[in-house]
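Engineer: Full structure from sequences and hints, please.
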Amino acid sequence: MGLDESVVRRLFKGRALKAAKLPEVLQTYQDVSGAMIMSHELVDQVETFARENAEIEIDCDAFLSMLRALHENDSDHSREDWDSMLDNSFHAGSLTPDTTFEMDIHSSPKTKGIPRSAFSERDIASIRGNDDRQDERRSVLIRKLAQVNDALERLQAEHDALIVSKDDQEKTQISLERQCKQLRRELHDASTQEQSQVAEINLLRTQLTESEAKTQLSKRQAALSKTELEAKRQVILALENRAEEQEEEVVQWRKRCEHQINETNDLIETCATQRSAINKLEQTIETIEQTHAATERLRSQYAAFHAMCSALNCESDERLEAMRPLQPQSSTRDSLRYRPRSYSDSCISRQSEKRTEAYQAKLLDWTQPPPPSTSNEIPPTATNKIGTPISMQNTHTFDQVSASSHAPDASAWYWLLPIGLVLLGIWAGIWVHWLALQFSTASLRWVQANTPNDPVLFAEMY
1 MGLDESVVRR
11 LFKGRALKAA
21 KLPEVLQTYQ
31 DVSGAMIMSH
41 ELVDQVETFA
51 RENAEIEIDC
61 DAFLSMLRAL
71 HENDSDHSRE
81 DWDSMLDNSF
91 HAGSLTPDTT
101 FEMDIHSSPK
111 TKGIPRSAFS
121 ERDIASIRGN
131 DDRQDERRSV
141 LIRKLAQVND
151 ALERLQAEHD
161 ALIVSKDDQE
171 KTQISLERQC
181 KQLRRELHDA
191 STQEQSQVAE
201 INLLRTQLTE
211 SEAKTQLSKR
221 QAALSKTELE
231 AKRQVILALE
241 NRAEEQEEEV
251 VQWRKRCEHQ
261 INETNDLIET
271 CATQRSAINK
281 LEQTIETIEQ
291 THAATERLRS
301 QYAAFHAMCS
311 ALNCESDERL
321 EAMRPLQPQS
331 STRDSLRYRP
341 RSYSDSCISR
351 QSEKRTEAYQ
361 AKLLDWTQPP
371 PPSTSNEIPP
381 TATNKIGTPI
391 SMQNTHTFDQ
401 VSASSHAPDA
411 SAWYWLLPIG
421 LVLLGIWAGI
431 WVHWLALQFS
441 TASLRWVQAN
451 TPNDPVLFAE
461 MY
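Using full-length UniProt numbering, the first residue of the sequence shown is number 1, and each one after it goes up by one.
I should point out that these hints are in silico values taken from the structure, not numbers from a laboratory. What you were told as hints is all true, and nothing was included just to trick you.
Quick list of in silico lysine-lysine cross-link-like pairs, PhoX-like style, CA-CA up to 20 Å:
(1) 226 / 214
(2) 18 / 166
(3) 181 / 171
Structural biologist: Next comes the structure, spelled out in structure tokens:
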């Protein structure tokens, strides 16, 4: 049965191992290699030792040297020799009278493992080679085992004390670990809280920066809005002042419009009055035209009368010249000088009275024009003793009267002067009416051009 040291080192993981894990190492080695690392009796002893000394650490090299010695001397030693070798391997006994273990005073069995035995391989070889001294060696081994047993008891007591101290230390360590865990937890919570607070602080700082930026922006906007509000307020004040001025202007324009409306109404009344006056003037003009026509007709009759009077005067002169040789010179001269004159004077006086009455009647007829049906009728004529029409005689007599006293010319001038004044008044009235119409039209156009396009205001004004 060979020993595979690599498997043992792999199971030990290249370091010291506690005695409590030796049975696991032996079982694992048997499972891996398919063979037992030692006999069943030794395995039982190793398990018993591991149970009794579970906290002792066993070095890998010491365990391998023990196994090599066991495999080399498997057939030369009895069971007691193997027991003593196992004890010496684990407890580090020595064949020399010096039983001092090779161990560091500053190291503990817990951390440094079990001490090496004072025996060396050379001593073991010398033991194997000296069969004659086996009894002596056996007695020496028994003494050594006794010493080792005493050392083990001492070590066991120390081990128990160490276990107690270890338990206390473990309890202290557990409490310290708990405190450490609690502190770690608190530290972790504190760090987490600190991180969260840092994150909150960063968030608050970011929010503060944003709020400051928003505050600055709102301040700028407030300043701009304040400026705009001030400008709007100024504009509103200007508009209010302008509205007041416009209201004053509207009041003034309304007063002007009312004044112009009153003037327009006065002009309308004046125009109506002038129209009525014009109508009356037209009627007067028609009357004057009729008077003028009658005057023209009278002038034509007067011209005819004058021609007839001239003819009659010539005829009477011829008759008188013809009658002069028939009478004596003195008597004839007196008769011709006085009779005709007296006759003519009396005749003229009578006829002038008649013609004056007729003339006044005609003037009354001319001032009240007759209807058209009777205005142009010729009155019937009558004959005198010599067969001459009365109208011709009256005309001849009227021509004589007008030729002697010039009464028709004075009456004509008497009627022409008021007629001219009336015509001048009509002409002046027509010009005044035309000027009034022009002024009223211009004033209405000016009012329409300067009046606001408000139908309500226009209706109130007009």
